[in-house]
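Enquirer: Listed here are the chains, written in short residue letters.
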Amino acid sequence: MRFLSHAALLVALVVGAAARAEDLPATAETAPEPVPTPSELTPPLVRPYLIERIVITGGRRTRESEIRHRLLVKEGDVLDEEKVLLSRLRLGQLGWFSRVETHVERGSTRGRVVLFFTLTERNTLVISDLAFGSTGPQPIYAGFGLTEQNFLGLGMAVSGTFVYGGSPVDRPADPARFAFRASFYDPELPVLKEIPPLVLGLTFLGLRGEEITCNTSDCAELDGHFGGAPRLRYSRVGGEVTLGVRGPFERFMAGYRGEWLRAESMTGSVPSGPAPYLRDGNSFLSALTATYDRDTRNDIFFPTEGSRVTGQLVFSSRALGSDYDYSRYLLQVERAFPIGADALRIQTALGAVQGDAPFFDRFYPADFSYFTVGPALGRALELNFSPDSRYDALLAMAGAEYGIPLWSSGSFFHRGYLALGARWLWSAARAGVGRTHASKIPVSGDVALRFDTPVGMFNASVGYFLDDFL
Amino acid sequence: MNLRALARIAALACALAGAAALAHEVPASLPMTLEARNGRLRAHLDLSPAFPPDLARQVGNGLTNVIAVHLALVSQASDEVSALYSREIDILYDVWDEAYRVTVKDVDADRPRSQTLTFQNYRSLRSYLSELRQTDLGPLSALGTGSWIVQTRVEVNPISKELLERTREFIANPASGSRVSGSSRSVLGVMASYLLRGSDSGAEVHRFRSAPFTVREVTVR
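Which chain is which? The protein sequence lines are A and B, in order. Under this note's numbering, think of the first position of the first sequence as 1, with each following residue one higher. Under this note's numbering, think of the first position of the second sequence as 471, with each following residue one higher.
Hint data in this document are derived by calculation from the structure and do not stem from the laboratory. No residue lacks a Cβ here, since even glycine has one placed at the ideal position from N, Cα and C. Hints are supplied without guarantee of correctness; some may be wrong.
Said to hold, decoys possible - Calculated Cβ distances over 12 Å to all of chain A for the following chain B residues: (1) 499; (2) 509; (3) 530; (4) 532; (5) 562; (6) 567; (7) 609; (8) 612; (9) 614; (10) 629; (11) 681.
Claimed, not checked - Each computed SDA-like pair below joins lysine to any residue, with the alpha-carbon atoms no more than 25 Å apart: (12) 440/A x 218/A; (13) 83/A x 51/A; (14) 83/A x 509/B; (15) 575/B x 588/B; (16) 83/A x 628/B; (17) 83/A x 603/B; (18) 83/A x 535/B.
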C-alpha cells in the first residue's frame, strides 16, 4: 500500500483544529527528559515585530541587488512570516542556491528584529548537452554543451554547445563537419520602471554539414562505402534575437532570425537522388519568429502534474529580404498525471511547413521518435550524420511515458527515475503523398534511466542504443 | 541487428533494472511500544530518530517551524488502514522573550484537540517533541486475528500544497532562449532542458514502518 496521502491527513488536521485546551495529553510516565507541567502552559504570545534590517549572507558570486529585488519583504515592514517563506522559496527556485535559510535576531530595540537570509550557492555551470554516436558515414562524432545559469552573478544565462564529427568516412581531405551554438538569455531585462522587465534572448549558430543524397535512403548501392556518395555540402552562419514578456508560468517571445547560407552539390560514384532543399551557392534566410511557452509543470526533472505547451512560428519572406518564402508551425503539448508516486506523461506534437523552406527548417522524423528501424538517426545540434536525408513538411507525434521514481536523496545522483515510453510518429514530405518511411514501423519505445545531478540531468536510454543498431 | 548489438542492449537493460531494484528505499522503524487501555490500542513512540541533528538551530530561528506527525495502523494482509492519527506542532521561538511558543493540534480516531505550550529552554522542548505517548489507534477489537504494522511519517517544515501552487510560477520559465527544439540525443545525453532543480526547501520527510504485530503482542492494562 502506498502511504496515506498527505492531503487527506491535512484535511483531517483542519477538521481537528477546533481548540479543546482541556484535553491535554497526560504527563509522560517514562519520559527520559522533563516534560512540561500545566504550570508551564500559557497561551502563545506572538508580537508583531518590525523588520529593522535585512541581512543577506553567503551570496559570494551573486550580486546582492539581484537578491534584494526578488524579496517580498523590505526593511521597515512588519514581519510577515508568509512573505518571508515565499521570499525564501522564490530565491530557491532561481537555481542559484542549494539552500536558502532564514532567521531573525533581536534588533536595536525591543519590538525590532533583523531578518537574515543565509544562502548556500550552488554550482550554476551545468552540462546542458552531451552526445556521441557512430554511423556509417561518420564513424564517430561527439558533442558537448555547457550552460552558466548565473553569469557574473547577474542572473543571466549563457550557454555554448559544440558538436564535432570530423571529415566524412573515406574522405579525409574533406572539411570537417561541426556545429556550434552560443546563447545568451536575460530573464529580467529592465526597460522602464513603469513596465515589467522584458525577456531578452540572443543565439548565434555556426554549422558546416553534409547531407548524403543517394537514390535510396540507406545508400545500399554503395555497400557501406560512403566515400563515393553524392552529397550536399552546406554551411550556416547566423543568429536570432528575441524579445518578450513573461508572466506567471508563461512567456511570449518574438524575434528576428538571419542566416547566411552556402550550399554546393557534390557528385559521387553513383547517381544522385533528390537532395534536401537548399539554394545552390550563397543565399540568405531572413525570418520573423514567435514563441509561446506555458509551463505549469511542478518539476522539470520528474513532473507529476501540470503541463507544458509550446507553440513556435517562423515566417520567412522575400519581403524581409530572404531568399526563402515559407512559414513553419510547431505545436508541442505535454501533460503529466500523478499515478500514486509514479507519473504518466502524455506528449504530442503537430507541425507543418508551408512553402520552400530550407531542409533544416523542415522536420527530421528521427528527431521525434525514440528510435527508427532504418538508416535515419536523430540529429546532433541539427547535424545529420546518417545517410538518410529525407526531411518532411508535415508531422504528427503522440506518445506516453510512464515514470517510476527510484530514489530522491542521493548525494551526487540526487534523484533518479525509470522511464518507460512509447511514441507513434507520422510524417510526410507534403500533403497527399503518404507517410515517409523514415522508420519501417511508426511506433518506437524506450526504457531509460534518468538522473539528476549537480552538473546536469542525464538520460541513459535503451532506445538510443536501439537506434544505432536497427 | 547482430548478436553483439543485442548483447549490449540486453546488458544496458539489465543494468537499468538492477539500478531500479537497488534504488528502492526501505523505511526504518522507530522505537515503539503498544498497549491496550479501556479496550483501545495505544502506541508510544520515540520520534528522536526523525529529527535532524540541527533541530535546535532550526526551531530557534525566530520564525514559525512546523513538525507534522502522521500515524496509520495498516493491515499487513490487505494494506487497509484501520486507524489514523495526526499531530501538527507549530514552534515559534520569540527572540525577545527567549521562549518557545508551541501550538499542538492532534487528530485521532475519536476527537480533535488543540493546546498551547511555552517552553523556556530547548531541552524541555526537545523532550516534548520526541515523546509521542498514548496515541489512540482505535479499538483493540479491530485488530482481530490479523497482522498489523504502524506506519509513521514525520515532516519537518512541510511546504503545503497551496504554498507550492503559489510558488510554482517561480519554477516555470526556465532560463533558456526561445529555441526549444534542436537538442541532441545520446545514450548518456543531457535532457533537453536546463538544470533548474529547486533548491532544498528546508522541508524534511521521514517515513518509518514498524515490525508486524498481532493482538497477542499488545500489553493489556
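Enquirer: Against chain A, does residue 530/B keep a CB gap of more than 12 Å to every residue?
Expert: 8 Å, violated
Enquirer: Is it true that the CA of residue 83/A sits at most 25 Å from the CA of residue 603/B?
Expert: 35 Å, violated
Enquirer: Hinted pair, alpha-carbon criterion (25 Å max): residue 83/A, residue 51/A. Please report holds or violated.
Expert: 12 Å, holds
Enquirer: Would you assess whether residue 614/B, listed as outside the interface, keeps its beta-carbon beyond 12 Å of every beta-carbon in chain A?
Expert: With a cut-off of 12 Å, residue 614/B remains clear of chain A, as the shortest Cβ separation is near 18 Å.
Enquirer: Was residue 532/B rightly flagged as not at the interface, with every chain A Cβ beyond 12 Å?
Expert: 4 Å, violated
Enquirer: Would the hint linking residue 440/A and residue 218/A be met if the CA-CA limit is 25 Å?
Expert: Status holds; Cα separation ~12 Å.
Enquirer: Is it true that the CA of residue 83/A sits at most 25 Å from the CA of residue 535/B?
Expert: Judged against 25 Å, a Cα distance of about 15 Å means the pair holds.
Enquirer: Next pair to validate is residue 575/B with residue 588/B; report whether the Cα-Cα distance is within 25 Å.
Expert: Between residue 575/B and residue 588/B the Cα gap is close to 15 Å, so the pair holds against 25 Å.
Enquirer: Assess, step by step, whether the Cα of residue 83/A is no farther than 25 Å from the Cα of residue 628/B, and give holds or violated.
Expert: Holds. Residue 83/A to residue 628/B sits at ~16 Å (cutoff 25 Å).
Enquirer: Just checking, residue 509/B versus chain A, shortest CB gap more than 12 Å?
Expert: 18 Å, holds
Enquirer: For residue 499/B, is the shortest CB-to-CB distance to chain A above 12 Å, so the non-interface label stands?
Expert: 14 Å, holds
Enquirer: Is the claim that residue 609/B lies outside the interface with chain A correct, judged by CB distances over 12 Å?
Expert: Holds, since 18 Å exceeds 12 Å.
In summary, the structure is inconsistent with hints 3, 4, 5, 6, 10, 14 and 17 from the numbered list given earlier, while agreeing with the others.
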